[in-house]
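Chemist: Protein chains in written order, with our numbering: chain V, 2 to 257; chain D, -12 to 182; chain S, 106 to 793; chain X, 825 to 1238.
Hints were generated in silico from the structure; no laboratory data involved.
Predicted, not measured: the structure shown is a model, and the values here were computed from it.
Incorrect hints may have been included.
Per label pair, the in silico range of CB-to-CB distance [as the list claims (entries may be wrong)]: (1) X:987 <-> D:1: 22 to 28 angstroms; (2) X:1125 <-> S:189: 53 to 59 angstroms; (3) D:174 <-> X:972: 41 to 47 angstroms; (4) V:194 <-> S:662: 45 to 51 angstroms; (5) D:86 <-> S:216: 35 to 41 angstroms; (6) X:1201 <-> S:731: 47 to 53 angstroms; (7) D:68 <-> V:194: 55 to 61 angstroms; (8) X:1125 <-> S:356: 56 to 62 angstroms; (9) X:1124 <-> S:189: 30 to 36 angstroms.
Mimicking BS3-like on lysine-lysine, the simulated pairs with C-alpha atoms at most 25 angstroms apart in a straight line are [to be verified]: (10) S:161 <-> D:56; (11) X:1156 <-> X:1085; (12) X:908 <-> X:1076; (13) D:56 <-> S:154; (14) X:827 <-> X:1068; (15) X:1085 <-> X:1150; (16) X:908 <-> X:999; (17) S:154 <-> D:160; (18) D:160 <-> S:147; (19) X:1076 <-> X:1150; (20) X:1156 <-> X:1076; (21) X:1068 <-> X:1085.
Virtual Cβ for every residue (Gly too), placed ideally from N, Cα, C.
Here is how the chains run, residue by residue.
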Amino acid sequence: MVGEERVARYGMVIDLDRCNGCGACMTACAVENNIPPAQPRVNERTGLTSMRVHRASNHRGFPDHEEVFIPISCQHCGEHTPCMSVCPQNAVDVNPLTGVVSQIPARCLGCRYCMAACPVHARYFNWFDPEWPEGMERTLNPDVSVRMRGVVEKCNFCHSRYQAAKAKAAAAGSREIDPADYVPACVEACPSGAIVFGDLSDPESDVALAAKSSDAFRLLESLGTDPKVYYLSEREWVRRLGGADVTRDSLEVHRG
Amino acid sequence: MIPRNYLVFALGMAAALAGGWLAFPRALYRTVEQPLQFSHAVHVGESVGMACQDCHSLAEDGRFSGLPKIDLCAPCHTDPMGDSENEKKLVESYVIPNVEIPWLVYARQPENAYFAHAPHLVLAELTCEQCHGPHGETDTLRPLEQNRITGYSRDIWGRSLTRVRNAEGEGMKMSDCSSCHRDRRVRESCLTCHK
Amino acid sequence: MKTNVTRRDMLTLGGGVAVGSMLTPAPWLLLDDLAIWTQNWKWIPVPPKGVRTSQKTVCSLCPAGCAVEAGCVGGIPVALRAAADGAPLCSLGMTGHHLAWHPARLTAPVRVAASGGEARLTAVPREAIVREVADAMRSQGRGTIAVLDFRPGRGVSWAWRNLLAGFEGAAVIPAPGSPGSGLRAMRGFAPDTQGEWVPDLDHATAILSFGAPLADGWGGARTRARLMDGTGLRLIQVEPARSSTAALATRWIPARPGSEGAVALGVASALASADPQIASRCEEILPLLERLTPERAAEIAGIPAESIFEAAQMLLDHPRSLAVPGESFAGGRFDPTTELAILSLNVILGRIGAEGGIVTRAPLADPVDGAHLAPMRELDETPDASIGVLIVDASAGEEPLPWPSVARKLAPRALAVALSPFAAGSSLHAGRVISVPAYLEAIHEVPRACDVAMAALSISRPLLAARVGSADPASVVREIAASAGVELEGDWSSTEELIALRTAQIHRSGVGRLEGGEAGSPDELRDAMLEGARWTTEPVYHQIRMSISTEMAHRLATIEGTRREDLVVVPRTSPDAAWSAVLSPLFTKLHQESGLRREGGVAVVNPATAREKRLRPGQKAVIRTAQGRVVARVEVDHAVMPDVIELTVGPTPLALGQSRNRVISNSLDVCGSSGTGWRCTPAAIEEA
Amino acid sequence: MDKTLILRGVRRCSTGRFLAWLTPWTLLLAVGLFALGLCLVRGLNQTNMDNRFAFGLWIFLDLAIIALGAGAFFTGFLLYILRKDDLRAVINSAVVIGFICYSGAVLVLMVDVGQPLRAWFTFWHPNTHSMLTEVTFCITVYLTVLAIEYAPILLRNRQLRKVPSFLVFEGELHKVMPVFAAVGAFLSFFHQGSLGGLYGVLQGRPFAFREGFAIWPTTFFLFILSALATGPAFVLVSTWIVSKVSRKQLVKPHVFSLLAKISGWLLIVYVGLKSVDTLVWLNRTAPQSGANPVQFYAWQPFATWLLFVEIVLLGLLPALIFLSAKRRQSMKWLITGSLLACGGVVVNRFVMTIQTLSLPTLAFEPFMLYWPSWQEVATFLAVVAYGVILYSLSFRYLTLFPQERELQRGGGAS
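Can you make the complete structure from the sequences, with help from the hints?
Modeler: What follows is the structure, encoded as C-alpha cells:
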C-alpha cells in the first residue's frame, strides 16, 4: 500500500509583483476555514488570520515610495520544522504524503510554545471563544471544524479540500487526486493570479518551475527550515526583505 | 484478629471498587430512545431485498450520504403497507408532513474527526459489518447510549469499559482506527483523520 | 469491638476509598471525558450537516455581475465561488452570503430617530410609510418628487420613472457616486444621442487614464487582465497616489489632485502644437491652449513637463488610443469641467465613435415599450432645497455618498424614505426605511455599469427565503402608486415579473447575444439568465466629427485659474468596500485584525505634511472644510502626496457585539461642495 | 490549640499577631485567585499576551522562581551527597522554599495554558523531542519528590508526632532521604537545563538559538549552572529575611559564609562560560543563521546595557564579593552579593523570554513590547502570597532551622 501512495511536497509560489494587497486571500481563507470575526477588543496583535497580507515598502519619499504586499501563511517548513519539534504532545506533525504541517486543535493544550518557535509568526492563538452574529453560523463550512478558545491554529493548505479530492478519487477507485480538485482557497481567490500552488516534487508542475526562477526567494531561508512557500519579485529590495539580517533601517518601514 | 483500622481501610476500598465498577458506568451514560423503530432485517430480507447501498450511498464526488432522507422512504410508504404502529407513525408524522426523522446516530464521530467512506469501501474494500457490526440484521433499533459529559455515543468507546474485551469492529476511537491502519500499513498523519 | 467512630477511622476510611477508586475506571474515564468535553463545548457553533448541493446565481453586489457557484447545505449557501470560467470573486462577493445575517439587517420597516450619534429605530407598519409617501406626493406641498437610484438601469429603476412620470418636476437621480456611471460630459457634445457614451477600453491599445482604477476592475475584467499581463496595452495613469493601477501602468504621472483638468489641457496644447489637423479641431480653445502650455500645466500639477509631452506623444502614436476620466471608489467622478477637459482630448484626436475610442452603447430594452417616464437628472443639476419627497432606492446596494450633498437638495419639510435591507448608510439619514430583501434573498437585476462598451444584463437568482418583514421593491412601487392613485404601465406586480417582461422585450429586440447560452423563446432566455448566462451587446462604431463649442470653451477657460490649494482632502476606500453599506463581519480580518486596511475615519498624510502641521501618528485631528468638520485619527505614510490628506471612508465592518444601530460616521460628509463632486476638497487640519 | 502545635523550646508570637501578619497576605491571595478565576473562565483574553508575545510575565517569572528554588535540591545535594553537614541548618527551610517555588510555578503554568484540562495529554501522548515535555515530566516528578522531602518536616510537628505510625514512617523516610535527595538533584539538573533548552532550541529565533552538545543547546548547561549558583544565594537571602522578620538568629554565621562561598565559586564559573557562550553566539551562531547580531541590541529599551548588567553587574560583581573571605564576614556584603546574584538570574530569564519575543525576525515586522494586564500581575502575586503564608505556617509550627533552639535569644514576631 505504501508503495502505491505517491509522495507529494505541496507548496506555493507567490508573485509579489502581481499582488496588489486586495486581501481576497485573507477573506477567502477565513470563509473556508470557519475563522470567526473579531471581537471588539481584538487588534492586529490578537487577530486570527491564518493567511495575512503584510505591507512593506522601500521607505523612500513620495513619489519614489513603493509598497509591496507580502501574503504570509504557514510556510510548511520541511527541515526540522520548528513548531513540530517543540510541541509537547504531538499536536503538530508533518504529513509524510503531502508535506503539509498540521495543527490539531483537539490535541493542542494551548501552551503556545510553537508560536514562540515559528520564525514567521504564522501561528495564531484563539484568545476568545469563536462567535458569529446570530444565524450566520449556518453559513459555516461543513468540512472544517470550528476551533475552541485556548488552542493554536494555522494554515494547513486547506486540507479539507485535499481530503475531498482524495475521497472523490477514491470513489473512482484511484489513489491519485486530480490536481485541479485540490486548490487552496487563497489560491483560488487571488484575482491577480499571483499564487501558484501545486506539488513541488513534480518537476513539470508550474509551481516547481516557478520556484526555480532566479527571482524566487523564501522567507528567512538562512534559518535552514526549508519552507515550501516561495516568493517572486523582480525588485531587488523586495527580495532582500526575505533575509534574516533584520536591520534597524529596514524596520523603519511604515506599516498600515 | 485483624486490626480494626485495616478493616476500616478495606471497607473503604470495597466501597470505592463497587462504586467505580458498578455504579459509575451506569451514571456515565444516559440512554435515549430512537424517535422511531426501524427493522433493517425486514428491509434487507427477501420480502424487500434492499442492500445497504440503497439507502446509505456513496456519491460521485466521494461524499457519503449517511442516513437516508425522508424522500427515500416516501415512495414506498406514502401510506402504511403493513399494520405496524411504527410505520403508521412514519407515514403520519414524517412522510405526510415531509419532516426529516431525527435519527440518533450510533456511529457519529466527533466534530474534529474526518472520516471518508470512499477510501474504506472502494480502495480498502471493507464491508459495512467490519466497522458497524451486524447492524443490517437487527430487527429493532436499540436506544442510543450517550456519554453525559462528552455527548459521544457509547459505540465510539465500545461496550467494554476497560476496552480490553472489545469485539472485532467494536469501538471507534482513534486508537481503533490507527490500529487497523497499522495492520494495513497505511501511512497516516494527524490530518488524515482530523479536520 | 467498640462501635464509636473516631476521627482517625474516618481518615482511614477515606484512605481506603482513595486507594480503591484508583483501581476503578472512574477517575481515569473522568479525566479523559473532561478533556473530550473541552473539545466539544456546547457554545462552540457546529457547522451544518447534510448533503452538499451546488446552485448557480449572479453576484448583484456590484455592477460587474460575476457569475457565482454557491455550495449549499440544507438550502443555505455555505460557500460562494466564481462560476467555472469566471474571474475570482472579490472579498465582498465571497462573503455575500453573510449579509442576510448581518447585525445591521432590518427585519421590519422602521422610523429612524437620530440622537447623539446613535440612531434609534422603531418599527412601523409598511402601509403607514407608503401612505405617508403617497399623500406627500399627491399634495406636492413640500416640493418636487425625486428618487435617488443607487443602481440605475434596473427594471425597478424603470418602474420608479414610470411612477414619477405624471408629476411636475419629478425626476430619478442616479446616485453620483457609483463608479462607471457614464461619461455624462459627452452629452455636451451630442445632446441628442441615444444610449450612453462609454470608453471602448477593450479595443484601445493606449490609454491616458485620469485616475480610472483599471486594475481594480473598472473598465471590465478584460482590461484588467491585459494590464496584468503587461502586454499590448500602454497605460499612462494620472493619479495623485501610486494606486495598484499606477503601479502597473507604463508611466505614472503623480499630478496634484484637482489639477487633472489642467493636465488634460496641457496635453491638448501639446497635441495642437504638434499636429495642425488637431489644432483645426479646437480653434475655439486655441488661445486658451497657447496660454495653458504643457509647462504651465505641469507647474500647476507639480509634475515635470516631459510627462505631459510623453502622454501627448503616446496619444499621437497609437491610432487606437483614448483619454478616459475614471471614478475613484470613494471620491466618485470628476467635476463636469475636468471631465469635459479630459473628454475633449478624444474629440480633438477624432476618437469619437472610433474603435478603441469613445463610443455609444445601445440602451437595454425597458420592460414596457414607450411608457411615460420621468426624466433622469444629475444630482448637481437639481436645484437646492427643491425636493419635497425623496425616495432613496438602496435595495440593490449603495456606494459611499456624502449625505450633505443630498440633504442640500431637500426642501425644509421634506420627507425622505429609503428602501434598504440594512440600518446603515443612507437609510440612517432618511427618516424612514422600508426593509427589503438582502442579496441572495430575492431576485436582483444586474445591468453592467457604463465603464465598458458592451451593455450587459444578468439576473441574480435568490437562494435564500426572504426574511419576514422585507418587501419586494417593485411591489412597494405598486403600493405607492395605488395609494397615490397613479396608473402604472405594464402588467406586473413584482420584481420577478418586471424582469420577465424585460427579458421578453430583450428577446424581441433581437439586439445583442447571450453569453454562454442559447435562447429560442423569451422564457428560455430568462431561464438561461437565471442560470447565470449574461446578455450583452456589441459596441456601435460610427465615427462622428465633433468640435468644441464656444460655450464649452468658456467653461474650459475656468481651468486656467486653477490655483494650488495648500491642503486638500481626498477620500479613499477599498474597491470591494465601495459597493455596500455594510460588510461581512469577516472584513475585520482586513480592517481590524491585520494592518492591511485602514478602518474608516483615518487621515493619512505624508511625513512632511505631518511635520508641517505638527501631527503625530495615532493622535486625533480635526479636518475642516467648507462642508463642516470631522475628527480623524492621524497616520503618516510616505505613500501619500505632500499637502494631501487621504481620508479613509467607511463602511468598516461592525465588530461583534457592537451596537447595530450605530450611525457609521461617514468621514465622506466633509468632502465636496455643491455641483463639483467631492473628489478633492480644500481643507485645513489641526490636532484635536 | 494553636500553642499546642508549636514546637517546645522555641518562642513564637501570639496567635493574634500571627493572624494579623497573615491577613494582608490572605487578602492578596483572594484577589489573585479571583484574577486567576477570570483567566480560567473567560480565557486568556484576560491577559495582555498576544500572538507575538505568546509567552509573557508568567513564563518569565516561572523560570525565575524555579531557578531561585534550585536552592532546595542543591542544598540537599551538598548535604546528603557531598556530606556538607553544616547545611543541615538550612536544609528544611530550603526544602520548604523549593516546594513553594515549584508548586507555585506549576500552578501558574496551569493557568497559562489555554486548555488546562488537557494538560495530561503530555504524559499520554508525549513528544519526546520537545524540551517542554522534558520540563513537564521532570517538574511534576520533582514536585512529588519535594512533597516527600517536605513530609518528614511536617511529621515532626509536635502533634503529628503523637501518631505512632507517622513517627515510624517519618523515621523510615529519613533513612532514605539521601536517595530522594539524589533523585531530586538528578531531576532538577535536568529540568533546570531543559528550561534553558526551551529557548536555546528555537531555530526560528536567532536571538535565542544556541549551538550545543548532543541534543542540548548551551543554554541547557548555563541554566543549570546559573540555578546552582543562585540557589544558595537565595537560601541565604531568604534565611536572612526570615530572621529579620522574626527578629531571631536562626543559623550560625558560618553557614551563611559557606553558602556564599559555594555560590561564589559557581558564579565565577558561570560568568566565565556565559561570556564564552555569548561571544561564540554573537560571532558564529547568529551569523550562521543569517542574523545580524548587532541589531539584537539596536533596540531601546533593551540595548547593550542589559547584556552588561546581566553578566558584569549581576554576575561578576557578586562572584567577586563572595570570593573575598573578608567580605564574607560582613552580613551587609553577603546580602548585597546574594541580592545581586539573584537579580542576575532573574535578568537572564527575562532576556531569554521577553527580549527574545520582542525582537522581530522578519525585516518588515516591528519591535514589540507588552505590559502585563492586572489579571496577570494579580495571579502571580497570589502565588507569592501563597508562598509567604505556607512558609509562615511552616516556620511557626515546624522545625525549619534546627539551630534555632540552641541559638535561642529573646522571642519576637513570626
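Chemist: Can you name, in rising order, the numbers of the hints this structure does not satisfy?
Modeler: As far as the earlier hints go, 8, 9 are violated by this structure, in ascending order.
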